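A.B. asks: In case you want the letters, here they are:
There are 2 protein chains.
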Amino acid sequence: MSQQFSMTASHAKGKSGDDLIFATSKEANLAAMKFGEENVVNATIGALFTDDKKLAILPTVDRLIRDLPAEEISAYAPIAGLPEFLDAAINLALGEDKPEAFIRAVATPGGSGSIRHTIWNYSEMGDKVLTSDWFWGPYKTIANENLRDIAIYKFFDEKDGFNLQDFEEKVNGLLKKQDSIVILLNSPAHNPTGFSLSDQEWSSVTEVLKKASASGEKRIILFVDVAYIDYAGTFAESRRFMKYFGNLSRNMLVVVAFSMSKGYTSYGLRSGAMIGISSSSEIAREFFETNQFSNRGVWSNGTRSAMRVLGDIYGNGDIRAKVEAEREELRKMLGNRASIFMEEARRSGLKICPYKAGFFISVPVENAMETWESLKKENIFAVPLKMGLRFAVCSIPTRQIGMIPEKVVKAMK
Amino acid sequence: MSQQFSMTASHAKGKSGDDLIFATSKEANLAAMKFGEENVVNATIGALFTDDKKLAILPTVDRLIRDLPAEEISAYAPIAGLPEFLDAAINLALGEDKPEAFIRAVATPGGSGSIRHTIWNYSEMGDKVLTSDWFWGPYKTIANENLRDIAIYKFFDEKDGFNLQDFEEKVNGLLKKQDSIVILLNSPAHNPTGFSLSDQEWSSVTEVLKKASASGEKRIILFVDVAYIDYAGTFAESRRFMKYFGNLSRNMLVVVAFSMSKGYTSYGLRSGAMIGISSSSEIAREFFETNQFSNRGVWSNGTRSAMRVLGDIYGNGDIRAKVEAEREELRKMLGNRASIFMEEARRSGLKICPYKAGFFISVPVENAMETWESLKKENIFAVPLKMGLRFAVCSIPTRQIGMIPEKVVKAMK
Numbered sequence: 001m002s003q004q005f006s007m008t009a010s011h012a013k014g015k016s017g018d019d020l021i022f023a024t025s026k027e028a029n030l031a032a033m034k035f036g037e038e039n040v041v042n043a044t045i046g047a048l049f050t051d052d053k054k055l056a057i058l059p060t061v062d063r064l065i066r067d068l069p070a071e072e073i074s075a076y077a078p079i080a081g082l083p084e085f086l087d088a089a090i091n092l093a094l095g096e097d098k099p100e101a102f103i104r105a106v107a108t109p110g111g112s113g114s115i116r117h118t119i120w121n122y123s124e125m126g127d128k129v130l131t132s133d134w135f136w137g138p139y140k141t142i143a144n145e146n147l148r149d150i151a152i153y154k155f156f157d158e159k160d161g162f163n164l165q166d167f168e169e170k171v172n173g174l175l176k177k178q179d180s181i182v183i184l185l186n187s188p189a190h191n192p193t194g195f196s197l198s199d200q201e202w203s204s205v206t207e208v209l210k211k212a213s214a215s216g217e218k219r220i221i222l223f224v225d226v227a228y229i230d231y232a233g234t235f236a237e238s239r240r241f242m243k244y245f246g247n248l249s250r251n252m253l254v255v256v257a258f259s260m261s262k263g264y265t266s267y268g269l270r271s272g273a274m275i276g277i278s279s280s281s282e283i284a285r286e287f288f289e290t291n292q293f294s295n296r297g298v299w300s301n302g303t304r305s306a307m308r309v310l311g312d313i314y315g316n317g318d319i320r321a322k323v324e325a326e327r328e329e330l331r332k333m334l335g336n337r338a339s340i341f342m343e344e345a346r347r348s349g350l351k352i353c354p355y356k357a358g359f360f361i362s363v364p365v366e367n368a369m370e371t372w373e374s375l376k377k378e379n380i381f382a383v384p385l386k387m388g389l390r391f392a393v394c395s396i397p398t399r400q401i402g403m404i405p406e407k408v409v410k411a412m413k
Numbered sequence: 001m002s003q004q005f006s007m008t009a010s011h012a013k014g015k016s017g018d019d020l021i022f023a024t025s026k027e028a029n030l031a032a033m034k035f036g037e038e039n040v041v042n043a044t045i046g047a048l049f050t051d052d053k054k055l056a057i058l059p060t061v062d063r064l065i066r067d068l069p070a071e072e073i074s075a076y077a078p079i080a081g082l083p084e085f086l087d088a089a090i091n092l093a094l095g096e097d098k099p100e101a102f103i104r105a106v107a108t109p110g111g112s113g114s115i116r117h118t119i120w121n122y123s124e125m126g127d128k129v130l131t132s133d134w135f136w137g138p139y140k141t142i143a144n145e146n147l148r149d150i151a152i153y154k155f156f157d158e159k160d161g162f163n164l165q166d167f168e169e170k171v172n173g174l175l176k177k178q179d180s181i182v183i184l185l186n187s188p189a190h191n192p193t194g195f196s197l198s199d200q201e202w203s204s205v206t207e208v209l210k211k212a213s214a215s216g217e218k219r220i221i222l223f224v225d226v227a228y229i230d231y232a233g234t235f236a237e238s239r240r241f242m243k244y245f246g247n248l249s250r251n252m253l254v255v256v257a258f259s260m261s262k263g264y265t266s267y268g269l270r271s272g273a274m275i276g277i278s279s280s281s282e283i284a285r286e287f288f289e290t291n292q293f294s295n296r297g298v299w300s301n302g303t304r305s306a307m308r309v310l311g312d313i314y315g316n317g318d319i320r321a322k323v324e325a326e327r328e329e330l331r332k333m334l335g336n337r338a339s340i341f342m343e344e345a346r347r348s349g350l351k352i353c354p355y356k357a358g359f360f361i362s363v364p365v366e367n368a369m370e371t372w373e374s375l376k377k378e379n380i381f382a383v384p385l386k387m388g389l390r391f392a393v394c395s396i397p398t399r400q401i402g403m404i405p406e407k408v409v410k411a412m413k
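Sequence order for the protein chains is R and P. The numbering used here puts the first residue of the first sequence at 1, with every later residue one more than the last. The numbering used here puts the first residue of the second sequence at 1, with every later residue one more than the last.
Simulated from the structure, these hints should not be mistaken for laboratory data. These numbers come from a predicted model, not from an experiment. Check the hints yourself; a few may be wrong.
As the list claims (entries may be wrong) - Straight-line C-alpha distance at most 25 angstroms; calculated DMTMM-like pairs for lysine to aspartate or glutamate:
id, chain 1, residue 1, chain 2, residue 2
1, P, Lys-15, R, Asp-179
2, R, Lys-53, P, Asp-67
3, R, Lys-53, P, Glu-71
4, R, Lys-54, P, Glu-84
5, P, Lys-13, R, Glu-282
6, P, Lys-54, R, Asp-67
7, R, Lys-376, R, Glu-328
8, R, Lys-177, R, Glu-237
9, P, Lys-54, R, Glu-366
10, R, Lys-54, P, Asp-67
11, P, Lys-26, R, Glu-373
12, P, Lys-13, R, Glu-124
13, R, Lys-386, P, Asp-67
14, P, Lys-13, R, Glu-217
15, P, Lys-410, P, Asp-160
16, P, Lys-26, R, Glu-289
17, P, Lys-140, R, Asp-18
18, P, Lys-128, R, Glu-124
19, P, Lys-26, R, Glu-124
20, R, Lys-13, P, Asp-179
21, P, Lys-210, P, Asp-157
22, R, Lys-26, P, Asp-160
23, R, Lys-54, P, Glu-72
24, P, Lys-351, P, Asp-179
25, R, Lys-377, R, Asp-18
26, R, Lys-154, R, Asp-97
27, P, Lys-26, P, Glu-406
28, R, Lys-53, P, Glu-72
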């Protein structure tokens, strides 16, 4: 038997991606045509939708994009990003409790580009990148594309808090084998569970990493994915933990990934930034140079119009207040949906992951694929994960939320 | 002496990029403030500018973007790109002489993203990627970022035609050491020289590669960068060479890189596509799956608004005719500038690279850096290359073109 002929390089063989989320969404649409829209719950779509099933868009952001001078849409942005954008991204991501540190930023396409550069530039080829057992699938895709793999720690302890013990064990375990570690941590409003680390938990996480970096022999890179931060409480509160990233040793680098996708409903414009935080000005400079080079070496520059709009929002208090007021409406809608889900889960005795905020609620299920199939027969279309099922409360109309938990309980039987 | 402390992985050390083009442009702007705009030639900027020194923008494209429904700007595009966009990109890039082959496309941020995926997925780690001795600098940056290096062949023969002999030698030389070869060929309207291969030269290039692939043992990947194709003659003529990419053996893959940056003056929107052409449906499918996976593993998806606009242009004959008429005006302006440059070069006895079309004219200079410095003193700001100087006729006002060649001759002395 001859092996299948392939044109790709040896390390790039066999790539494929059945997009289960997309396929499930398609099934939901077919079901809606057959049984009527109101009788089908499509819980797959990871973007905010109104109760009218329309993509929720911040009107002020939309207007700002349309009103840009033609050059601000058409022209190239600088490779590292527009300076006003980078300044806005740093301030909007880190908030009022900025860490005492040197801080530099480089524009990337959404948060995904930041993950790629961080893994590529800061972990060794073939090394393991650490993330939680509940994780956003593309973390693994991005690691694999770049010839790394994912290692996991248990995200929750028995009290539904952050599992500090397993985190510490896995960090130290990997550091016995590796000279460096890249840790991908998505908080607040974690995808897929909606969990947020508390202030105390953030403090403990940084203490663990300080200990691990104390000898100075290992390089520790903490990547903090804050894609959903604007739906996780007030501006100041949701960013309070940033203060822990100051005064770290020089062999510890924090990278905060800012994205315009959710917070500015600009998913399709592909605009974000990676923000490097270091107590060494040299390491901050290296961060900028390294990732600027990687921009040129991968996708060149970013979407200028989106960058300009963020600069305009940050630079004008009135506009910023408008954007925040519009977003607050969406946050309330989302919070209300999540409350209904949690309330009905309690009533039905359905155990869910500890949700604090954000787009998704997840349910731990042992045989996720089986339950997923059963639920589809009930016209509820969720996303199956290794550890359970994900429900996109961001896109399910409020009126459809309440009935979900009981049906999940039934399907699990 | 201790080595400088670094946080990056071992393969990512020492990245930096003094952007000489940007720095030179800044120098030109300072000189303009000092000596007056009309007395300073900024020949560095690689985008089309009008004689009023404004970025040239196709008004119909600009209007289409502004008139899009909000969802078409805000929503994510599919990972591989909008189907209508991919269809438009294939048809607009390959034209009327489409090769007899299986053809699949994947959206990428401009042409740069296509180069990254092609190098990453189709050349072995550490292998050499082949391009011409006159080449666009970022080819090397992209190769280096992805742990490959560039090998070069002489682009021109003694008659200022394509140097088929050196091309063949270097292809066969590399194939003695490598199991596969990725060749980056930018034509028509090559950056930095403005050269275009003739129909006969394209025929010869594919014959050389057919011979090299004949044994079936080696994998040959020809990457054709057509970033400037819309400024290189009529739609049909400029794409005539695509016919040579049909009926190749299955171990030869052609990738055509389409970009909206120049042809649709959409530089800042980061929209392009890589188009895979193979006589094997399996290899075409592998091309799609591999590069779709790489999209997810690097930048996720592309700019939806730009994709939608291209689909709209291709789908409506009237709109397409308008865009083409607007672009034709720009092409004439560009052609006129190039003619003046060539005419004055002849008059001054300045030998230039064989220019056929496009944004740039290059002058072979042995001590490029010295001549570049001398020219700066004359208030002419060019881009220094290893082999000479590049003049961006795309962005120099027509009235300033004529005086350049004579000054270059003087500076070379």
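A.B. asks: For every hint, state whether the structure bears it out.
C.D. replies: Taking the hints in turn, this is what the structure says about them:
Pair hint Lys-15(P) plus Asp-179(R) holds up; C-alpha atoms about 20 angstroms apart against a cutoff of 25 angstroms. Proximity of Lys-53(R) to Asp-67(P) is assessed by CA-CA distance (about 22 angstroms); at most 25 angstroms being required, the pair is judged to hold. With a C-alpha separation of about 12 angstroms, the suggested pair Lys-53(R) and Glu-71(P) falls inside the 25 angstroms cut-off, and the hint holds. Restraint check: the Cα-Cα separation between Lys-54(R) and Glu-84(P) comes to about 22 angstroms, which is no more than 25 angstroms; the hinted pair holds.
Distance restraint check for Lys-13(P) and Glu-282(R): the Cα-Cα separation of roughly 13 angstroms lies within the 25 angstroms cut-off, and the hinted pair is therefore satisfied. A C-alpha spacing of about 18 angstroms is found between Lys-54(P) and Asp-67(R), which places the hinted pair at or below 25 angstroms, so the restraint holds. With a CA separation close to 33 angstroms, the supplied pair Lys-376(R) and Glu-328(R) exceeds the 25 angstroms bound. With a CA separation close to 37 angstroms, the supplied pair Lys-177(R) and Glu-237(R) exceeds the 25 angstroms bound.
Pair hint Lys-54(P) plus Glu-366(R) does not hold up; C-alpha atoms about 62 angstroms apart against a cutoff of 25 angstroms. This hinted pair checks out: Lys-54(R) and Asp-67(P) have alpha carbons roughly 19 angstroms apart, not beyond 25 angstroms. Restraint check for Lys-26(P) and Glu-373(R): not satisfied, since their Cα atoms lie roughly 61 angstroms apart, outside the 25 angstroms limit. Distance hint between Lys-13(P) and Glu-124(R) is fulfilled; the C-alpha atoms sit about 11 angstroms from each other, no more than 25 angstroms.
About 43 angstroms separates the Cα atoms of Lys-386(R) and Asp-67(P), which puts this hinted pair outside 25 angstroms; it is violated. For the given pair, Lys-13(P) sits about 17 angstroms from Glu-217(R) by alpha-carbon distance, which is consistent with the 25 angstroms threshold. Only pairs whose Cα atoms come within 25 angstroms are accepted, and Lys-410(P) paired with Asp-160(P) is accepted, the gap being roughly 24 angstroms. With a C-alpha separation of about 19 angstroms, the suggested pairing of Lys-26(P) with Glu-289(R) holds against the 25 angstroms cut-off.
Annotation: proposed proximity of Lys-140(P) to Asp-18(R) is violated, straight-line Cα distance about 33 angstroms (limit 25 angstroms). Distance hint between Lys-128(P) and Glu-124(R) is fulfilled; the C-alpha atoms sit about 22 angstroms from each other, no more than 25 angstroms. For the hint linking Lys-26(P) to Glu-124(R), the alpha-carbon distance of about 37 angstroms lies beyond 25 angstroms, and the restraint is violated. A distance of roughly 15 angstroms separates the Cα atoms of Lys-13(R) and Asp-179(P); the hinted pair therefore holds under the 25 angstroms criterion.
For the given pair, Lys-210(P) sits about 22 angstroms from Asp-157(P) by alpha-carbon distance, which is consistent with the 25 angstroms threshold. For a cut-off of 25 angstroms, the pair hint linking Lys-26(R) to Asp-160(P) is broken: about 56 angstroms separates their Cα positions. Taking the CA atoms of Lys-54(R) and Glu-72(P), the gap is about 12 angstroms. The hint holds against a cut of 25 angstroms. The suggested pairing of Lys-351(P) with Asp-179(P) is violated, with an alpha-carbon distance near 39 angstroms, which exceeds 25 angstroms.
This hinted pair checks out: Lys-377(R) and Asp-18(R) have alpha carbons roughly 21 angstroms apart, not beyond 25 angstroms. With a C-alpha separation of about 29 angstroms, the suggested pairing of Lys-154(R) with Asp-97(R) is violated against the 25 angstroms cut-off. About 24 angstroms separates the Cα atoms of Lys-26(P) and Glu-406(P), which keeps this hinted pair within 25 angstroms; it holds. Using a Cα cut-off of 25 angstroms, the hinted pair Lys-53(R) and Glu-72(P) holds, with the two alpha carbons roughly 15 angstroms apart.
Checked against the numbered hints listed earlier, the structure breaks hints 7, 8, 9, 11, 13, 17, 19, 22, 24 and 26; every other hint is satisfied.
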